[in-house]
Structures are given as C-alpha cells and as structure tokens.
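Participant: Here is what each chain is made of, one letter per residue.
There are 2 protein chains.
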Amino acid sequence: MSRLVMKFGGTSVADLDKIRNVACHVRREVEAGHQVAVTVSAMSGKTNELVDWVRSMPVLANRNAPFFDAREYDAVVASGEQVTAGLLAIALQSMGVDARSWLGWQIPVRTDAAHGSARIENIDGAEIIKRFGGGQVAVVAGFQGIGPDNRIATLGRGGSDTSAVALATALEADRCDIYTDVDGVYTTDPRIEPKAKRLGKISFEEMLEMASLGAKVLQVRSVELAMVHGMPVFVRSSFDDPESIDSSPGATPPGTLICSEDEIVEQQIVTGIAYAKDEAQVSLRRVSDKPGIAAAVFGPLADANVNVDMIVQNVSEDGSVTDMTFTVPNGDLEKAVAVIEKSREEIGYQVLQSDPGMVKVSVIGIGMRSHAGVASTAFKTLSEHGVNIRAITTSEIKISILIDADYAELAVRALHSVYGLDK
Amino acid sequence: MSRLVMKFGGTSVADLDKIRNVACHVRREVEAGHQVAVTVSAMSGKTNELVDWVRSMPVLANRNAPFFDAREYDAVVASGEQVTAGLLAIALQSMGVDARSWLGWQIPVRTDAAHGSARIENIDGAEIIKRFGGGQVAVVAGFQGIGPDNRIATLGRGGSDTSAVALATALEADRCDIYTDVDGVYTTDPRIEPKAKRLGKISFEEMLEMASLGAKVLQVRSVELAMVHGMPVFVRSSFDDPESIDSSPGATPPGTLICSEDEIVEQQIVTGIAYAKDEAQVSLRRVSDKPGIAAAVFGPLADANVNVDMIVQNVSEDGSVTDMTFTVPNGDLEKAVAVIEKSREEIGYQVLQSDPGMVKVSVIGIGMRSHAGVASTAFKTLSEHGVNIRAITTSEIKISILIDADYAELAVRALHSVYGLDK
Chain A
1 MSRLVMKFGG
11 TSVADLDKIR
21 NVACHVRREV
31 EAGHQVAVTV
41 SAMSGKTNEL
51 VDWVRSMPVL
61 ANRNAPFFDA
71 REYDAVVASG
81 EQVTAGLLAI
91 ALQSMGVDAR
101 SWLGWQIPVR
111 TDAAHGSARI
121 ENIDGAEIIK
131 RFGGGQVAVV
141 AGFQGIGPDN
151 RIATLGRGGS
161 DTSAVALATA
171 LEADRCDIYT
181 DVDGVYTTDP
191 RIEPKAKRLG
201 KISFEEMLEM
211 ASLGAKVLQV
221 RSVELAMVHG
231 MPVFVRSSFD
241 DPESIDSSPG
251 ATPPGTLICS
261 EDEIVEQQIV
271 TGIAYAKDEA
281 QVSLRRVSDK
291 PGIAAAVFGP
301 LADANVNVDM
311 IVQNVSEDGS
321 VTDMTFTVPN
331 GDLEKAVAVI
341 EKSREEIGYQ
351 VLQSDPGMVK
361 VSVIGIGMRS
371 HAGVASTAFK
381 TLSEHGVNIR
391 AITTSEIKIS
401 ILIDADYAEL
411 AVRALHSVYG
421 LDK
Chain B
424 MSRLVMKFGG
434 TSVADLDKIR
444 NVACHVRREV
454 EAGHQVAVTV
464 SAMSGKTNEL
474 VDWVRSMPVL
484 ANRNAPFFDA
494 REYDAVVASG
504 EQVTAGLLAI
514 ALQSMGVDAR
524 SWLGWQIPVR
534 TDAAHGSARI
544 ENIDGAEIIK
554 RFGGGQVAVV
564 AGFQGIGPDN
574 RIATLGRGGS
584 DTSAVALATA
594 LEADRCDIYT
604 DVDGVYTTDP
614 RIEPKAKRLG
624 KISFEEMLEM
634 ASLGAKVLQV
644 RSVELAMVHG
654 MPVFVRSSFD
664 DPESIDSSPG
674 ATPPGTLICS
684 EDEIVEQQIV
694 TGIAYAKDEA
704 QVSLRRVSDK
714 PGIAAAVFGP
724 LADANVNVDM
734 IVQNVSEDGS
744 VTDMTFTVPN
754 GDLEKAVAVI
764 EKSREEIGYQ
774 VLQSDPGMVK
784 VSVIGIGMRS
794 HAGVASTAFK
804 TLSEHGVNIR
814 AITTSEIKIS
824 ILIDADYAEL
834 AVRALHSVYG
844 LDK
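If you're matching them up, the sequences are chains A and B in order. First residue of the first sequence? That's 1 in the numbering used here, and the numbers climb one at a time after it. First residue of the second sequence? That's 424 in the numbering used here, and the numbers climb one at a time after it.
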C-alpha cells in the first residue's frame, strides 16, 4: 500500500460531470489499495468571477484607485475551492467511498501573513493521517490556509500545485499526482514539433529549468518544493478514462514522473528543448570596463521593477571598454530603456541598442554535466540552419541561446532532432 | 450612542450595486454615532444554485435515492454568505468605514450537531464588542456557525433572521434591524385590503401570532428568540434611499418596531388580521365519546408526519357520541384521510368528511385579554356578510375562524374594517 496526494485543477472540476469523473479517478486509486488525499481548485471560471467582484466592489468615488483589503479578498475567493471540495466529497460518498472535505483552517494549513499571496509555513497532517487508517479519503480545498490572524489566507493565483506538493510532504505521501489537461511533460512543445515525445521521467533540476523557461505544465514553486523534500511528482491527464488505467503496484500509467536524478536509470544527455517568447534585447556598446559598472546598470533596473533575465558581458580586449547585453520581457523594454538613458552619465556607455523581437531557446539535460560537446553541437546545428545567435548563457544543466523570433520554430525543431529526441 | 445589529436578506444584496446600497445604509448608522454589526445572506439565487449542485452531485447510479452528507452540504452552501460578507466589508472600507468580515467559525457561533438545520447554542461576542470600541463595523456571514465537530453548520434555509436576533443578543445590542423588501408589518395583507396600515409598534406575542399565521415578514423562530431575550426588532425596507433617512437618536424612521407590550403606550384592542390559505378540513361524525379518542386520532397522524393545526371537539349532548374536526395543510389531506380510514375500528366513527378548500382567518390583539366582546364582534360581522363559519379556535390574544376559501378576501376586509384598522 502506498499513500497518494491527487491534485485536480480548475478545468478538471469545471462542472458536475467533470467532478464525477474526478471521483472515478479517486475511487480507482482507493480500490487499488492506496491511501488518498485529493486537493482541488475552484470550478473553472469561478475564481475569475470572484476576483472580478472583489475588484469592482469599491464604490464609484474610489474606483479610479482600486482598493481592497487582501484579507477580504481571501475570504471571498477561497469560497470557490470550498464548494468544489464539498461537492467532490459528496460524489465520492455516493460511490461508496468514505470521504470528507477539509478547508484550510480545519486541517489547519498555517501560512504567513501575506494575504492574497501567502506561503505555507506548516501543515498539520496528523488528523488526516489518522483517518487514512480507517480508510477515509481527505478532500482538501486547495489554494488556501489560515494566517497568523486566524483569517483565511490564499496562496495567490496558481498556488494550487504548490499546496498539493506541500500537502504530500506533510502527509508523508509516496507520490503527488498532478492531474492536468496534458498527459505529461514533453521533450519540447508538441505544437511546434509534432515529433515531441512524452518523457517517462525527468529530474527535479531539469523540470525546474523546463518550468521556468516556459513549459507551462507545473508551477516553478511546486517543483522547487518537491525537489527540496524529494517528493516524486507525477504529471498526468485528468481526461483519460478513469476506468481504463491500471493503478496497481508496479504499473506504469501514462504520464511523466518528476523525481530525483538517482531514480532515472537511462539518463539522456539532453532531456528537452524549451523556449520563451517575447524577450527583448538591450545592448550597451563601449562601456568603460571599470568596477561597479554592473551595479550601475542593474541597480536602477531593479529599483524600477524591471525583470532582467540573461546577462552577457565579454571580457574586454584591452581592459578599457566592453559591450554588455541583457534581456527583459518585451513589456518592460520601454521602461528599461528609459532607466538606462537616465543613467547614461553614471554608466558611461557610447551607444544604446534595443530589439524587441527575440526568443530564448534552451537545451536542458542533467547529462550535460558529464558530457562535453553538448553546447558546440547546438551552435553548429543552428549555424547550419542559418540561425544567427545573439547571445548565449549557460548553467550546469542548461544552454540558453537568444535568437530572432522568426527562427524560433526552426531552431527548436533542429535542436530537438540533433539531440535524438525525435526517436 | 446605541448598538445596532442590521440584517440584510438575499434580495437586499442581490448584486454589487445592491451591496453598495447596503453599505450606504450602514454608513448612515455609523455616522449617526451607532456601534454596528451587519449580518448578511447570500446573494439572491446563490443559495439555490449551491443547493441544486449538492442535490444533483451524487453519481447517476444512486440518483434515484438522493443522498448527501449534511456536513458537506453545509461546507458548500455556507460559501454564499462568505462571499457577501467579504464584498460588503470591501464596499464599506472604500467609503472610509472601518469594517471586517466574520465567518461563523471565526466569531465563533457555536451550534448543535444538526448540520443543515442547526440551532445556535452560543455566540462569543467579546472580540466584536472590543472592536466596537475602536469604531470597527463587524460584517457577519449569516446563516452559519460551527458545530461540535469543528465543521461549518448552517442554520437551515431562512435561518438568517434568527441568527441576526441571536447575534444582537450576544452583542448586547439595543436593537436588531431587519431590512427586507417590505417596509414593515401591516394590519393585514395590503394585496387583499389596500387600506391596510403599517403598524408603528407591535408586541412580540402579537407578532408571533402574525408570523405563524402567514404574515411572512419574519421567521417565527426569530420572533420567539427576540421575545425570550426582550430584544427589540425593527422591520424596515432596504430599498428606501439610504441618505434620506434620519437615524439620529429620537428619530422615527419608517418601519415597525416589535417590542415588549409595556413599550406600546396606545395599545389597540385588535392589532391585525392574518390569514392562512390552503387549509383542509377533516371531520369525524358520531365518534364514541370515550377517553383516549383524541390520542387514537392524532397519534397515527403524528406518526405519519401530518401537521395538524386547528382541533375542535364539542362536548357531546348525552356523553355517548360527538363530532371532531381538525385542519391540515391541503398537501397532507390525502395522507391524513388514509391514516384515519385505516384507524376506523380503533377510533369508532360513523362518517368521515373532508374538504380541501379552506382558509383560516385570525384576529390578533393583546387588547383582547382585557376587552370582552372581541370574538362576538367577529362572528356578527362575518354573519352580516354571509360568511359561513366552519370552525373556531381561540387563544388569549387570537381568534381563528375557518371559512370557505371563496370568502377569504371578503372576511379579511370586513374584519379589518370593523376593528377600526382602516383608520
């Protein structure tokens, strides 16, 4: 027997029929002998409706300066998950599965005081674990806890993956299953490369790079949390027929397991190709190469809340001037340029260039650590396809390359092929 | 300075604009110097939607035998008031009124274990009273508390008047204002008698008779509770312009105050005429007049959950046989007749008659206690108008008369006039 946390998002519980379908998934796991806690989001669209109400609630006179108390926002918005949890418990009971709903304050899920975007500090799993012994399924309202002020605190939009992983950790689960509208993590975006393959397994580190680079399957925070606690996360589809899946011990249902490196026996050198659109490039030409220049550039940008991604600075030839390039989201470009122009004196550059139409393509794989030549293969491949490389950054398990947006699909497909991911 | 509880039902908070209007009512009272707690229902239609979801949630196989866990019902349905309370707090804050929402479990409002139709056992008003000192308005989600199992318990449909009065008692309020879609309690139904007048004051006892006899302004339980605790209840309209009402001490805004008899200086002999439609009459003729007959008739009816209202039994002429008449709701008539026919042997009656088209008209007034002739005036008036009296029951402050439904309006108008209520 193993212990599972199953997480279903808003599209998986969008209406009563979909909630019944979720109940079938849960029953299957219970009948396979697992102890189960389920965590659910609000019915699709509900949270948006509630958030709209909160935003438009302040009276007309003050509506130009929208104002609302985040604690009241939380009381209103958390009701969405409360409804789904109660309904799923009823559906399970009607199938003969012992179940009860748990709201954040009942467990309790203790959070910090940051209402509206709280972080979980502690989950008391004792009572739920005790009831596992009696065969009861815990249906947990996701996305919420209780703050130090004893009021409902929500984890911020999209915090439900993270609360599922945190719950799995608190309940000492063997695995956290994230049911979503895709059936796993792919070697790249199948809309760009139809030959993309679903990965059977991927390491936490690789998934972290995939998630933060735009493979929008899982929230970055949830992967971080899973990695810290070594909690295996299984990404799978909630739209598969619940009855046709084999959940017995040793079976391998369709999906991608995110786990620690050691558990991946046949490690590929490269695991996947990710990309991030809507990047803008900013280059400062002939910057005086003296200490404190990086601080002079990036301090004011940080103060202006500009999110800088790649940073490239070459070693200057003669120690006097150098070039510096960085990327920001397209939406921040105007602000970034204004900040840099204002700091022209302090920084001391000659020319400021910017270009909004960029894409960042990344090659990800833990195998890179021990295999040389991965980067040079990428550069050679792109060159052969006539793709001009604007900038390069690397980490231990990732190579990111900035290119013109027009070449994005071509580059993704070429890299996907050259690393053998098509096979 | 006085302390007020203000209660707004679902139609008064049906949309964001109506919630803003409620906020204006609350601000007016705060600016008049009162300490205020507001209790709100779910937005009109919300509770029905949630209840429908709960009812239709059980899976198909079991849908013929609807089943749901009342504790899950409560978790789902209580979310409606949670949303309204949060939104109203936001509206008040945006008007510069310090306010916070309170859910049942936060106060806490402790109830018994009867999920779905719980009774309040205790309300801890200490924290809210403390915050009154700092000028904070408490916005309380109505209709809910927390059961002995630490789970949300709802008070059953329409329990919101009752929770408002209970809250007023716990907070030691000076008055409980029930805002509704009518502007007070009338001498009779204005749809039947356009000359009906709004009562300035009415005693608890009279209101109890009015409420239980079909004047659907207030829930019976809320009036009982107000009477027990001597809590004055003020029934008023939520659709009056919030700005045009004078709430200063000594002002008399439009509405009806329900209070103890002593506070009503100019006591009328008759306060109002109530009526109840859809009554059915059942008569047993020539019943053997022996001990235990009443038990033989009404025991089986009670077992069958038939709600018996009026009961009339005459003293028999010679001590051998008598007639017995009682009324039941039209919907229960068939069941009642079947029960009585089955018990024919035990009861020992000769003829069973029933008639569904009845109306009960009641004359109510505390002044009856000290004034003779009230009843005979009623009988004489009905007789002069050609209304045939089927049965009569009386209490200390009420005379109820069963008549044919066709004569209902005529009888109500004639009685309304003869007791001087038109003036």
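Don't read these hints as lab results, they were simulated from the structure. Among these hints, one or two may not hold up.
[Unchecked claim] Stretches of chain B that chain A covers, calculated by requiring three or more beta carbons in the stretch to come under 8 Å of a beta carbon on chain A: (1) 436 to 444; (2) 512 to 523; (3) 701 to 715.
Just so you know, these numbers come straight off a predicted model, no measurement behind them. C-beta: ideal position from N, C-alpha, C; glycine also.
Participant: Run every hint past the structure and note whether it holds.
Facilitator: Checked hints:
Evaluation of the coverage hint for the stretch 436 to 444 of chain B: fulfilled, as 3 residues show C-beta separations to chain A shorter than 8 Å, against a requirement of three. Evaluation of the coverage hint for the stretch 512 to 523 of chain B: fulfilled, as 7 residues show C-beta separations to chain A shorter than 8 Å, against a requirement of three. Chain A is given as covering the stretch 701 to 715 of chain B, and this is violated because 0 residues of the stretch bring a CB closer than 8 Å to a CB of that chain, at least three being needed.
The structure does not agree with numbered hint 3 stated previously, though it agrees with all others.
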